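4 protein chains.
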Amino acid sequence: MNVSYTKNQQFFSSKRVDGGVASRQFAETYQSIRQHSINLTVSLSVEDMAVQSMPEASPIKWHLAQTTWFFEKYLLARFVKDYLPFHPAFTMLFNPSSGMNLPRGQRSVITRPTLTLVRTYRTHVDNAVMALIKNMPDEAYPILELGLQREQQTQELMLTDIKHLLGSNPFHPTYINKPLAPAEKVATLKMLELRGGQADIGHPGLTFCFENELPKHRVFLNPFAIADRKITNGEYLAFINAGGYSETRWWLEEGAEWRQREHIKAPLYWRMIDDIWHEYTLHGLMPLDLNRPVCHVSYFEAEAFARFSGARLPTEFEWEFAANSIIPELPGLPGLPTLTDAPVDANKQMEELILHPKGASSATGLKQFFTDTWEWTSSSYAPYPAVKLKNDAAVDHYERQMVNQYVLRGGSVATPPAHSRITYRNFYPTQTRWQFTGIRLARSII
Amino acid sequence: MNVSYTKNQQFFSSKRVDGGVASRQFAETYQSIRQHSINLTVSLSVEDMAVQSMPEASPIKWHLAQTTWFFEKYLLARFVKDYLPFHPAFTMLFNPSSGMNLPRGQRSVITRPTLTLVRTYRTHVDNAVMALIKNMPDEAYPILELGLQREQQTQELMLTDIKHLLGSNPFHPTYINKPLAPAEKVATLKMLELRGGQADIGHPGLTFCFENELPKHRVFLNPFAIADRKITNGEYLAFINAGGYSETRWWLEEGAEWRQREHIKAPLYWRMIDDIWHEYTLHGLMPLDLNRPVCHVSYFEAEAFARFSGARLPTEFEWEFAANSIIPELPGLPGLPTLTDAPVDANKQMEELILHPKGASSATGLKQFFTDTWEWTSSSYAPYPAVKLKNDAAVDHYERQMVNQYVLRGGSVATPPAHSRITYRNFYPTQTRWQFTGIRLARSII
Amino acid sequence: MNVSYTKNQQFFSSKRVDGGVASRQFAETYQSIRQHSINLTVSLSVEDMAVQSMPEASPIKWHLAQTTWFFEKYLLARFVKDYLPFHPAFTMLFNPSSGMNLPRGQRSVITRPTLTLVRTYRTHVDNAVMALIKNMPDEAYPILELGLQREQQTQELMLTDIKHLLGSNPFHPTYINKPLAPAEKVATLKMLELRGGQADIGHPGLTFCFENELPKHRVFLNPFAIADRKITNGEYLAFINAGGYSETRWWLEEGAEWRQREHIKAPLYWRMIDDIWHEYTLHGLMPLDLNRPVCHVSYFEAEAFARFSGARLPTEFEWEFAANSIIPELPGLPGLPTLTDAPVDANKQMEELILHPKGASSATGLKQFFTDTWEWTSSSYAPYPAVKLKNDAAVDHYERQMVNQYVLRGGSVATPPAHSRITYRNFYPTQTRWQFTGIRLARSII
Amino acid sequence: MNVSYTKNQQFFSSKRVDGGVASRQFAETYQSIRQHSINLTVSLSVEDMAVQSMPEASPIKWHLAQTTWFFEKYLLARFVKDYLPFHPAFTMLFNPSSGMNLPRGQRSVITRPTLTLVRTYRTHVDNAVMALIKNMPDEAYPILELGLQREQQTQELMLTDIKHLLGSNPFHPTYINKPLAPAEKVATLKMLELRGGQADIGHPGLTFCFENELPKHRVFLNPFAIADRKITNGEYLAFINAGGYSETRWWLEEGAEWRQREHIKAPLYWRMIDDIWHEYTLHGLMPLDLNRPVCHVSYFEAEAFARFSGARLPTEFEWEFAANSIIPELPGLPGLPTLTDAPVDANKQMEELILHPKGASSATGLKQFFTDTWEWTSSSYAPYPAVKLKNDAAVDHYERQMVNQYVLRGGSVATPPAHSRITYRNFYPTQTRWQFTGIRLARSII
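Protein chains in written order, with the UniProt record's numbering: chain A, 1 to 446; chain B, 1 to 446; chain C, 1 to 446; chain D, 1 to 446.
Please keep in mind that the hints were generated in silico from the structure rather than gathered at the bench.
In this text the structure is predicted, and so the values were computed from the model without any measurement.
Cβ coordinates follow ideal geometry from the N, Cα and C atoms, glycine included.
Some hints here could point you the wrong way.
What the hints assert, rightly or not - Derived pair list, reagent style DSS-like, types lysine-lysine, alpha-carbon separation capped at 25 Å:
id, chain 1, residue 1, chain 2, residue 2
1, A, K265, D, K265
2, A, K73, A, K190
3, C, K216, C, K358
4, B, K265, C, K265
As the list claims (entries may be wrong) - Example chain D residues on the side facing chain B (calculated, C-beta under 10 Å, incomplete):
id, residue
5, R249
6, W251
7, S379
So here's chain A without its partners, still in its complex pose:
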């Protein structure tokens, strides 16, 4: 069953079967995903898309441009004869690695090109890609696929960056003008026991995946237990009320220093107003909902909470093994929407968006593996065994980020629907909080 998760990831797997049908389908998929990025900006002002609220968060305008740059540089410049770049400067400006040696925190300084010009750039590139798709050589498909996968990754960043910006505004503006209904009451947390043993980890590689998911390989796992759902705001509040943030023994040493230096006392978007805890969400400020999963906690906070609970965080291998073990047991797991079969109506999607974790439904708690919040694992981000070094300019040198970061697994409310899979590895430094990050507990069985 879990195959369906990875299968869905491949936008263009049927290419070789029937060129005519396929290319029409591909064009629709391309348009739908590209349009979704634009859709995400409908409620934003030009200013919202121009500034950055911290060095780690990029301007939305920059996100719109750098994803476009990818298609221009790796697809059009390679496969379209005599392709004329939209503007020579864009080639340097929107390369995330070089960016004309502009430090990441200075991206907002590039007020020109304006948003208007960046949108023209998108249209220009989209038209050229659509023309290319009609008659595209086979070796271009992986690039197209990669570009769209990156576009989807970026869509999640657009949401987290805009949440950080609006959440820094003292007036708590909303991104989506639709209040949230109270969440269902969650059931008591249960620990599911798994035997472990030899386990296959990583992606088989037949369909699309990022390189950090390769190669599929074997690990040995000891018996362990893993929680059947994420930790809730209510459970996390109990930790706070028990003095969790001031008891050093729960914290990693580096975490204790971080907490003290940064005056951290609660998750990123919690606000104490008139003695009542509130949470800022993309739907606005609301009283803290105790049944929703805790969100926007750092690795340090997740780890301290786990220690306080007499548990620990799972390794990324335990997480992947658990997801593989548990999901098939569910009757009628709906699966993720399949872009291949029926391209998503992006506009309709926007109307229905709920961009705040809603919590474990009593019926299908296990869907939480791919929803609500990413889950911190205790695994430092490292290459899988037998990885080969690459120097291919078409790929990101992802190994160069593999130090002092920790792996997150699953997906969040901000992850595009068809962008999750069991083998997906997200990763951030330990103090990161502006992503939708949550907690699932694990425990060793001896």
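Chain A is fixed; fit chains B, C and D onto it per the hints.
Below, chains B, C and D alone, put in the same frame as chain A:
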């Protein structure tokens, strides 16, 4: 003669003579100055006005709002019965001192209110002020005057902040699309000798001035010499070429540390391109013009250059004494434009703007006292003798800034025409470079 | 065979066999190890032992005190009836975790107690321990063992801290006045291939080990190759000469930033003098010996060198597996000195000390696994599977350090002779250079 | 009368009258002052003299060496034929300006040379100076004088640096084992009114002074009032208890930021213990004595207190004018001890040292001008008019420090007895607190 400089400063001095004529004139002056702020933004994109390129530089949008806030808070809220503020939040947001405890470097984060709303705010307030002017009590005039003087101060900041933003863009966008002609060749610098003795310093206070210019008081000056013009790019380049930036003996100790820590090797907007020095200006990038005054140097650089030249910077008292002594000797000094008599046509002003120092004209070098660049003095910014502490909410607590800053005198190309006077005291910390700051030498005579 | 490595670690394993003989032997071991710490200070001035050259390096005086505190707090206070602490303040001052909330970088500020008093403290505690040993309850032995193991750990830190201090002195003082002979020429590096498969990792726990080596558990290893010796200065110099420090593609992103920010251009103690590379050693400054192993490199540098070499660093599991696989094949592996059988004559040890990596001998290159330099592995420091959380006050909360650090394996010239074992896990943050850290390459076999 | 203050400063003024008597007297003066530096260390351990508790405070060992270096470099190397320096390295190491490019905060790293060697260095140099004095050319006297004046300056720094070190030790060690008696009750503070007018400022230059006191020149002063004594701990406590540290309006903007960033809530050595304010002194910790002058406050704190009190700090010119005006009116002002007439017995001095401000005696409050604590003035440290630039290697380039520092006048308990004079200008950055700094109020009279 120098009285004319201070007289010009008073927009509303004739009020009491003839209410009808006066109030019409006042309305025109108010509109003209307020309009000029808007005029300054005609070539800017929404993005240009939303971001800040460093913590010291504010978003243009914020400048437009905070000047408006002043009129609303100190004029309308006091003198208009039942005045309803435009928006309660604006009262807190755009107070430069409080700003909802938002650090200065975070002003760009307030993407909402948008620029559109801020411009509506301006119109709303302007309409109310225009209505009030028709029948305004006497005690409101000083507030109106103060608000307009602050608006003019802000206009200079708008230009320096936008120059810093555009100058940080790797593509050197222009603010004004009009190339500059080469400057006239400057004459050899001459040192004018002055006898000193007792001198009156400060503003008499009968017309408008800022509080830091009060009270007029007496100081004793030793004989000194002062340069008849500012230092040019050519002279400054000779300092650089002589190794000036690496010879510690020319530098204040703190300046030497600053220079090393910040890797300072030339004035802020100098760019070495293909082994040729260029200068970024609001009119675009151009080869360094050796006859123009050096601009955008810190106090540390000005002081080091002076020491290298066997001279020193003047004190602010020497500067004021020299300006008073020298200017009357000039036949037919044209004086500054007088707003009172003929309100400036702001649109016409824009067409004629030249926003880069053009250098000492051979005929009237002494006008350079009020043009081109501010001039660093060696005087630490401090209250004049016999100043009384104020706790009047209508005034800025300017004394609270009187530490670790140095006085600049004169005015620059970015200073609004009627906003200069001999007693004017500008002030910045020693490492400041984004203002239009230059150098005039002095020397003691023994 | 590798059992011998771990067996040697147990100072007191025979306790239960024969109390009389054993306790005499234990007393000798205790004295010998404690005396060695004092021996290490014979060439130091009081000043050398009082200051710290950076926050990470502690004063030698503090090292002498904090090891003593351990015996007082966990041994004497528990097992000696009515034991009176030497001084109540010492209990707080020399607890490495609390230290009266004194930041680590402020330890030198505690000039009082003086060195003289600290040495009196040592004598006081040593006398009490010697008296206790004569009639010690069984449950005290693990504490005594742990205290001595920690004393040995500290002896390595004393050497690295004193090297950093003397190495910061512009006059290159020597710690040991004995020049080093040139190293033997090393043979060409060979990669040894290993099949991998299931492997037991970690310490069996029957004899002494630190808690981070527990529990013994199984991992699955892919085939890999590992170098038969460490990287030499000569090989590392080739990396430098090939522009290795300025080519971003070899470096982890965080490493590239670190290198640039800190102006790193060579290993920590390399000095370019008159265009010739020298190396500062505890035996003084000497021309760089190309046959010696490169030492004092950060994880970032080790990782970049490996990437440049088309290889990678081994994981800690590969390292342990390789050490276990290779060492038994060597005929007549001498084994480490056994304290249990013949207590080391500490004074004689001092005379013979060579505290600089000497390189791979042609005969027994594999001894290099435990000599010369620690070896960076690519493994982030993390708990072994099935570790249980402890809250026992007698043990260090070692898990609290398990984040953003990388494991080093083996041992160095500064490691006390009987303090190495195959399962030993050392760990430091990625930018660490003042420890004796070196490089062994590995490669995946596919 | 005030002449006596400056006259006393000249150790060697009578030289030219009678060589024989004079040179014996000079030798005694030299020995007495040099010995006093050593005397100040009698209660210190080697460790106390080796470390530095913050970058601004130097190791005592370094102080002993750098004063000696001055005599070697500027006196012996110039006036003793074939003088052989004690050690070539010392010449670089102990030059306060170069110090081998060692940052000031790294001085403690130079553990070698040891204290023992530094004391040998002192003896070596002292012997050579004593030999030279017997037959010294006239032009050497000013150098000898300058060296001794610098030695005395350094003696004050030794005390402030040692106080900062011991005061950072959680056990509050004493420097002098002699408890302090309670201070006399102070009388109500009175403001003395002075007419001002033209005033001569600066040193006439006939006897010794530092260059920053030159030249004597005229200033114009408005009428002002100045307090007849310093502010007491009791008065300062009232400021604290009135919420003075949290009310922004009393503080300079930069001061408010400093206070918040550094969590400043009271003078440097105040300690709240069991709800009772204590003060750490060189005589140990004691309950806060409300009658003693407040000490160890920054310029920011002094300025805020003055504003809170409806007053201001005096300018340095007002201070000097007031000291000149007031002191002669006192009957029988004792004058400072005259080294010239009877060299001080340094050992006896040590016995009698009281190194904590004792407060205004009811009889001779005005002696407080030169005792207890330095007094912050509102004057930024700047050159006097008509100062000429010097490039003489024998003098410090004192002008290079003249930026962003404020002048302190008077003297403190830590100032050597014969080292005060009315024209003396001490100076520190605004956040400085470890010097003995206090507050005297002033006010303008209009």
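Evaluated hints:
1. Distance check on the hinted pair: K265 of chain A and K265 of chain D sit about 23 Å apart at the alpha-carbon level, within 25 Å; holds.
2. A distance of roughly 49 Å separates the Cα atoms of K73 of chain A and K190 of chain A; the hinted pair therefore is violated under the 25 Å criterion.
3. For the proposed pair K216 of chain C and K358 of chain C, the alpha carbon gap of about 33 Å is over 25 Å, so the pair is violated.
4. Taking the CA atoms of K265 of chain B and K265 of chain C, the gap is near 23 Å; set against the 25 Å cutoff, the hint holds.
5. Interface restraint check for R249 of chain D: the shortest CB-CB distance to chain B comes to about 7 Å, inside 10 Å, so the restraint holds.
6. The interface hint given for W251 of chain D holds, since its Cβ lies 7 Å from the closest Cβ of chain B, which is under the 10 Å cut-off.
7. Contact between S379 of chain D and chain B, as hinted, is supported at the beta carbon level, the nearest pair being about 8 Å apart and thus within 10 Å.
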